[in-house]
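Participant: Per the numbering used here, residue 423 is the first one in the sequence shown, and the count goes up by one each step.
None of these hints come from the bench; they were simulated from the model.
Treat the hints with care, as some may be off.
Said to hold, decoys possible - Below are the PhoX-like pairs computed for lysine-lysine, each with C-alpha atoms no more than 20 angstroms apart in a straight line:
| id | residue 1 | residue 2 |
| --- | --- | --- |
| 1 | K767 | K465 |
| 2 | K517 | K465 |
| 3 | K686 | K673 |
| 4 | K484 | K517 |
| 5 | K560 | K589 |
| 6 | K675 | K550 |
| 7 | K482 | K517 |
| 8 | K517 | K506 |
| 9 | K686 | K675 |
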Amino acid sequence: GALAGATTGDILDLVERLAPPSLAEEWDRCGLQVGERRSPVSKLLIALSPTLRAAEEAVKRKADLLITHHPLLLAPLQVLDFSKTNTKIIATLIKGGVDHLCAHTNLDKAEGGVNDCLAASLGLLDIKPLGVGEHLRKVVVTLPAEHLDLVRDALKGVGAGSIGPYKGCSFASSGEGFFTPLEGSAAYIGEVGQEASVNEVRLEAIVPESLLDGAIKALLTTHPYERPAIDIYELLNRDERGALGRIGALKAKVSLAVFAERVKALLNATGVRYVGDGEHSVERVAVCGGSGADLWREAQKRGADALVTGDVKYHTALDAAEGGFAIIDAGHHSTEAIVLEPLAKALSAELSALDANLEVEVFLENDPFVFL
423 GALAGATTGD ILDLVERLAP PSLAEEWDRC GLQVGERRSP VSKLLIALSP
473 TLRAAEEAVK RKADLLITHH PLLLAPLQVL DFSKTNTKII ATLIKGGVDH
523 LCAHTNLDKA EGGVNDCLAA SLGLLDIKPL GVGEHLRKVV VTLPAEHLDL
573 VRDALKGVGA GSIGPYKGCS FASSGEGFFT PLEGSAAYIG EVGQEASVNE
623 VRLEAIVPES LLDGAIKALL TTHPYERPAI DIYELLNRDE RGALGRIGAL
673 KAKVSLAVFA ERVKALLNAT GVRYVGDGEH SVERVAVCGG SGADLWREAQ
723 KRGADALVTG DVKYHTALDA AEGGFAIIDA GHHSTEAIVL EPLAKALSAE
773 LSALDANLEV EVFLENDPFV FL
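All chains should be modelled from the sequences, with the hints used to inform the complete structure.
Facilitator: Given below as structure tokens:
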């Protein structure tokens with residue numbers, strides 16, 4: 423339906439639909455950082471980092487909400503000393519009436535997020551996830567057949583049963599359950615002290631670890647039994663949706679040196695450096711926006727010829743060179759800034775669908791590094 427008078431909470435819900443918080447790393451801080459859910463919003467500004475400049479820009483442009491990729495409050499604050507930059511940013515936002523929220527590692531991993539945008543910007547085809555995804559669990563429960571749809575819908579509602587491009591996957595088989603209600607039980611079926619049997623359905627679904635608590639809560643809320651038997655199995659397979667990087671192929675082979683030049687132009691980077699032989703030919707390419715150089719071994723294992731990322735450390739570069747693998751360092755900034763315009767477009771589209779008349783603007787700061 424129409425979204426009359428959008429709030430920070432409404433926008434946060436939209437952002438989290440695009441980049442589910444369950445995808446975020448454990449150490450990360452995502453979501454609302456400054457402000458409150460009920461604040462009214464008529465204009466929002468999207469930036470890469472919550473810098474003082476971005477905060478001042480939000481105030482100057484009369485935005486009500488600043489959305490950034492990087493968090494403002496990753497480390498806990500001890501003192502609100504406004505002479506310190508980080509606290510000054512918070513003060514600027516509060517005084518200017520600007521709320522702040524961020525989507526960090528959840529936006530890195532999300533479909534259409536940082537790494538999908540980076541792969542698309544470089545013209546990669548047949549893009550697949552790269553890296554280790556989230557641990558999976560299998561939830562198994564038995565219940566009377568007449569409650570199957572209710573319980574299955576509840577599991578589906580919390581995101582259980584997503585496998586690749588399919589959602590709401592589950593399996594049900596019929597069987598017979600036996601039990602003896604004891605004194606003090608409020609049995610759904612059967613008499614105290616008498617063994618009872620009931621025709622039941624065994625329902626099972628895969629759940630990522632981060633959604634497990636929600637899935638159990640959904641089961642307990644909708645299951646008709648006083649004490650439902652719920653089994654949770656640890657699986658060895660992982661959820662590929664939780665993977666950080668992406669891997670794909672170029673239309674045609676090019677040399678590493680030529681590809682590095684192309685990366686610089688396509689990402690509008692101020693400077694690019696690479697590890698490896700410039701004549702080495704590149705066709706399969708892995709990407710990880712920001713600081714993803716640690717993925718190089720995984721990329722090599724998956725048949726990539728090069729990895730495009732930022733923040734490459736000296737020893738990582740040395741290891742890759744010794745291992746015969748090419749890395750292109752296009753900088754943290756340039757490998758992530760490519761998400762801003764697509765994120766603005768995606769939010770605008772979601773808002774238009776809700777008939778919300780909001781202004782969405784992008785503020786692109788310069789890379790802090792100056793290349794000579």
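Participant: Against this structure, judge whether each hint is valid.
Facilitator: Hints and how they fare:
1. K767 x K465: holds (14 angstroms)
2. K517 x K465: With Cα atoms ~17 angstroms apart, K517 and K465 stay inside 20 angstroms; holds.
3. K686 x K673: holds (18 angstroms)
4. K484 x K517: The given pair, whose Cα atoms are some 12 angstroms apart, holds under the 20 angstroms limit.
5. K560 x K589: It holds: about 15 angstroms lies between the C-alpha atoms, which stays within 20 angstroms.
6. K675 x K550: This hinted pair holds, its Cα atoms lying about 19 angstroms apart.
7. K482 x K517: holds (12 angstroms)
8. K517 x K506: With a Cα-Cα distance of about 16 angstroms, the restraint between K517 and K506 holds, given a limit of 20 angstroms.
9. K686 x K675: holds (17 angstroms)
Violated hints are absent here; each numbered hint is respected by the structure.
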